[in-house]
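As they're listed, the protein sequences go chains A and B. Whatever position you read off the first sequence (first residue = 1), add 113 for the numbering used here. Whatever position you read off the second sequence (first residue = 1), add 113 for the numbering used here.
Be aware that one or more of the hints could be misleading.
Taking lysine-lysine and the DSS-like style, the derived pairs with C-alpha atoms no more than 25 Å apart in a straight line are [said to hold, decoys possible]:
1) A:Lys233 to B:Lys233
2) A:Lys198 to B:Lys218
3) B:Lys148 to A:Lys275
4) A:Lys276 to B:Lys233
5) A:Lys275 to B:Lys146
6) A:Lys233 to B:Lys275
7) A:Lys275 to B:Lys233
8) A:Lys209 to A:Lys148
Bear in mind the hints are in silico, worked out from the structure with no lab data behind them.
Protein chains: 2
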Amino acid sequence: MTTMSMYQASVPRFIHMLGNLHAILSKAQAHAKAKGIDELAFTGFRLYPDMLPLTNQIMIATDTAKGCAARLAGVTAPVYEDNEKTFAELGERIAKTLVYLQSFKPEQIDGSEEREVVLKRRTGEERLQGMPYLLNSALPNFFFHVTTAYAILRHNGVEIGKKDYLGNA
Amino acid sequence: MTTMSMYQASVPRFIHMLGNLHAILSKAQAHAKAKGIDELAFTGFRLYPDMLPLTNQIMIATDTAKGCAARLAGVTAPVYEDNEKTFAELGERIAKTLVYLQSFKPEQIDGSEEREVVLKRRTGEERLQGMPYLLNSALPNFFFHVTTAYAILRHNGVEIGKKDYLGNA
Numbered sequence: 114m115t116t117m118s119m120y121q122a123s124v125p126r127f128i129h130m131l132g133n134l135h136a137i138l139s140k141a142q143a144h145a146k147a148k149g150i151d152e153l154a155f156t157g158f159r160l161y162p163d164m165l166p167l168t169n170q171i172m173i174a175t176d177t178a179k180g181c182a183a184r185l186a187g188v189t190a191p192v193y194e195d196n197e198k199t200f201a202e203l204g205e206r207i208a209k210t211l212v213y214l215q216s217f218k219p220e221q222i223d224g225s226e227e228r229e230v231v232l233k234r235r236t237g238e239e240r241l242q243g244m245p246y247l248l249n250s251a252l253p254n255f256f257f258h259v260t261t262a263y264a265i266l267r268h269n270g271v272e273i274g275k276k277d278y279l280g281n282a
Numbered sequence: 114m115t116t117m118s119m120y121q122a123s124v125p126r127f128i129h130m131l132g133n134l135h136a137i138l139s140k141a142q143a144h145a146k147a148k149g150i151d152e153l154a155f156t157g158f159r160l161y162p163d164m165l166p167l168t169n170q171i172m173i174a175t176d177t178a179k180g181c182a183a184r185l186a187g188v189t190a191p192v193y194e195d196n197e198k199t200f201a202e203l204g205e206r207i208a209k210t211l212v213y214l215q216s217f218k219p220e221q222i223d224g225s226e227e228r229e230v231v232l233k234r235r236t237g238e239e240r241l242q243g244m245p246y247l248l249n250s251a252l253p254n255f256f257f258h259v260t261t262a263y264a265i266l267r268h269n270g271v272e273i274g275k276k277d278y279l280g281n282a
């Protein structure tokens, strides 16, 4: 019997979607190369001047995933330098995040529904319980940045589709 | 004690995000009016010629939410006509979806982890268990279309931010 749990709703989902995102970036890299376009024109692209570029969408998606797993388990996530510029560097960031996520065992995260998590905001610390944090903050944020990365690449003509976003369910 | 469950991970999340989306569309409507821009220029906008316009992003987001709740509960969701064009019409579609979602009781959906759900695809029927359907298909799809709607409006200069997307967690 498979049962819904805090682990089931978090770590395997991040792993699945980040794997899809890694494959999407590989397609974008191949597209840029085939068309002879500087790949920084893609990785630095913003959908609006005060929106974040593709690089930051990938940084925040990976930060949200590793930060969520760590907070729910009550451990400290590794800090990355946030200096990725190329598709290869962004792919490496996703790959190391995947290795980190795969290190979590279900029993570290299951039962964390009411565990206190502390978020550091620009406006100060915010304290939430595990379940509302996962469902109302971490997951919506994670999907937001993965989808925005996809939208930036689609808007710039990379031939990807919904199947690349969803992967094999 | 709050416990993660199939209901907790689905219906309340759809209600929360669709409420945020409704407020975002109201801001977009006010923006179009203040600038004297035909609102169909926003609702018909696509981020790329073979992507779906804003109207369809809202249609699919609401369809995914009502279809997910119905499938997990083993009932049949209402079918909408898909003829919305204006912000007011799209807002009404979200409002009636919210009323429908609010009609579900947790006990209709809890325990549906292994319940068979049938998806009608262009390529035929796909059968999935409730939990993988919710976590790998319904939620990623739902967030995809809500985020794409947001991205279309941001790309067209509507002054909304991440706080509008997340709402009050």
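For a C-alpha distance cap of 25 Å, please report whether lysine 233 (chain A) and lysine 233 (chain B) respect it. 43 Å, violated
Lysine 209 (chain A) paired with lysine 148 (chain A) [C-alpha distance capped at 25 Å]: 29 Å, violated
CA of lysine 233 (chain A) to CA of lysine 275 (chain B), is that 25 Å or under? 16 Å, holds
Is the Cα-Cα distance between lysine 148 (chain B) and lysine 275 (chain A) 25 Å or less? With a Cα-Cα distance of about 34 Å, the restraint between lysine 148 (chain B) and lysine 275 (chain A) is violated, given a limit of 25 Å.
Check whether the Cα positions of lysine 275 (chain A) and lysine 233 (chain B) lie no farther apart than 25 Å. 16 Å, holds
Is the straight-line distance between the alpha-carbon of lysine 198 (chain A) and that of lysine 218 (chain B) 25 Å or less? This hinted pair is violated, its Cα atoms lying about 48 Å apart.
Run the distance test for lysine 276 (chain A) versus lysine 233 (chain B): straight-line Cα separation, threshold 25 Å. 16 Å, holds
Hint check: lysine 275 (chain A) vs lysine 146 (chain B), CA-CA at most 25 Å. Holds or violated? At roughly 33 Å apart (the allowed maximum being 25 Å), lysine 146 (chain B) and lysine 275 (chain A) break the hint.
When each numbered hint is compared with the structure, violations occur for hints 1, 2, 3, 5, 8.
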